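A.B. asks: Each chain, letter by letter, is given below.
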Amino acid sequence: MRDASEQWPSDAELLRRHVAGDDQAFGELFRRHRDRLWAVALRTVCDQEEAADALQDAMVSAFRRAADFRGESAVTTWLHRIVVNAALDRLRRRAARPAVPAGDEQAFEALAGSTGDPAQATDTRLDVDAALRILPPQQRAALVVVDMLGFSVADAAVILDISPGTVKSRCARARARLLPHVAHLRGNRSASQSVSPAQGGDV
Amino acid sequence: MRGQTTHLDTEVLAEFDAGLITGRRGARIAAHLAGCDRCRAWRDELAAVSAVLAAVPAQAMPDGVAQRLDQVLAAEVRHRNDPERARLDRPGHPASGARRAAHRGLRLVPLRVLAPAAAVVLAGAGYGLSQLAGGAGPQAASSSVAAGPANVSSPANAAAGRAAVPAVLPSSKGPAAQPQLMPKVSFSFVTSQTNFLPGTLGPQAEAALRAAESAPATRAAPAAVMTCVRNVVGSAHLLLVERARYQGQAATVIVLRTNQGELAKVAGANCSAGPSQPLATATVP
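Chains as they are written, first to last, in this note's numbering: chain A, 1 to 203; chain B, 1 to 285.
To be clear, the hints were calculated from the coordinates, so they are not data collected in a lab. Only a predicted model underlies this, so the values are computations on that prediction, with no experimental measurement involved. All clues given are correct.
Selected chain A positions facing chain B (Cβ under 8 Å, derived; list incomplete):
no.	residue
1	R34
2	W38
3	E49
4	A52
5	D53
6	L55
7	A176
8	L178
9	R186
Partial chain A-side listing against chain B, Cβ under 7 Å, derived:
no.	residue
10	D23
11	Q56
12	F63
13	M148
14	K168
15	R173
16	L185
Built from N, CA and C at the ideal position, the CB exists for glycine as well.
Starting from the given sequences, assemble the full structure and let the hints guide the process.
C.D. replies: What follows is the structure, encoded as structure tokens:
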């Protein structure tokens, strides 16, 4: 795991430079985190096109609102928060408008799909992606941030702008809901058969 | 798959594991777990969910998305450095596209939806689209506008998908009339993932024009698209044809210049519906 805080200039420094008028700083900051930001956007909205739109919204928003960053959280947390908000916004808007048949998608798929996609592990990812779709967006966002991106509950609470308790309950409900759809993937992942280290109760 | 019995509900288990259930109820659950193999097994499965999720490899951002974001970012930087924009800028603005347009009273006229996929055609004070004779093959299509009188269709231009042709203006309003945005008379054909939206079509079209200036076009305009463009643009001057999206649907965005200024029109993908009614029209600042 790369630790952005150890890079120089630091995220916070880049943001300061951006606010001070440095034309390159924001780009450097964004590129530094964009794969993770892409992941959170993609998994929250479950659609490449929407994810790209959401990430674009978020990037522009962060660019313009950088001066609002007060340093109460890590810059990455702040960035993720903006991305998650943009993603959930997109979902709200999508839900608000009637479904329309997808159009000339080949052209765009040709673009979007042109990136290398390591074949292995793809199956599992696709299964997980499909499973994630069944979750309500708010639960999905929480689960993505905590279980997939590895944020602490406290950071997730900042990113999602909800209380830590709500983070926990959304994740819990999401895990319960995913269980039937994800259980079969355990073998693929060679997850240890005797998982839960903290065996509840005293057997 | 919940047991009808007193077995623990999966959700309850999950909440218990998350530390959300304490006190007497928590103690009851712990007691049940202690004596119930089945619920313990479920609990293990539940714990595995997080493990599976954590192990899923992240998908790298597709190149197309990265390029698009780079372009948008470059446009943002340019806008920030633009004094006029700085003057007009106001905080709290919607985060999309260029903003000057928004301050100039963007008129947006949604028309009927022609096709599931729309195309945005941006035309300016260049050639009349009528000169885009349908003869243009797929690969020459992009340049065919400029290629009209000048008969320019060098392989290089066609390959670039951009009509980098010097201004040869048969019509009255020349490129000279065009300020900073489009120094060239030629129009660009671009394929992007930009999602044009009703509220920001004008500013987005402006940004697209700027981006098209600096970014290499991705491919040549198919003849079918150009036929549509001709229909949409009529005698106006074409600035940009961008194969993108409009409200999430594939679309062709056409930017053109008219007597009233620059207009952005949205048509279906490949103008598939054929007809000339655009999905939407907006003035470009």
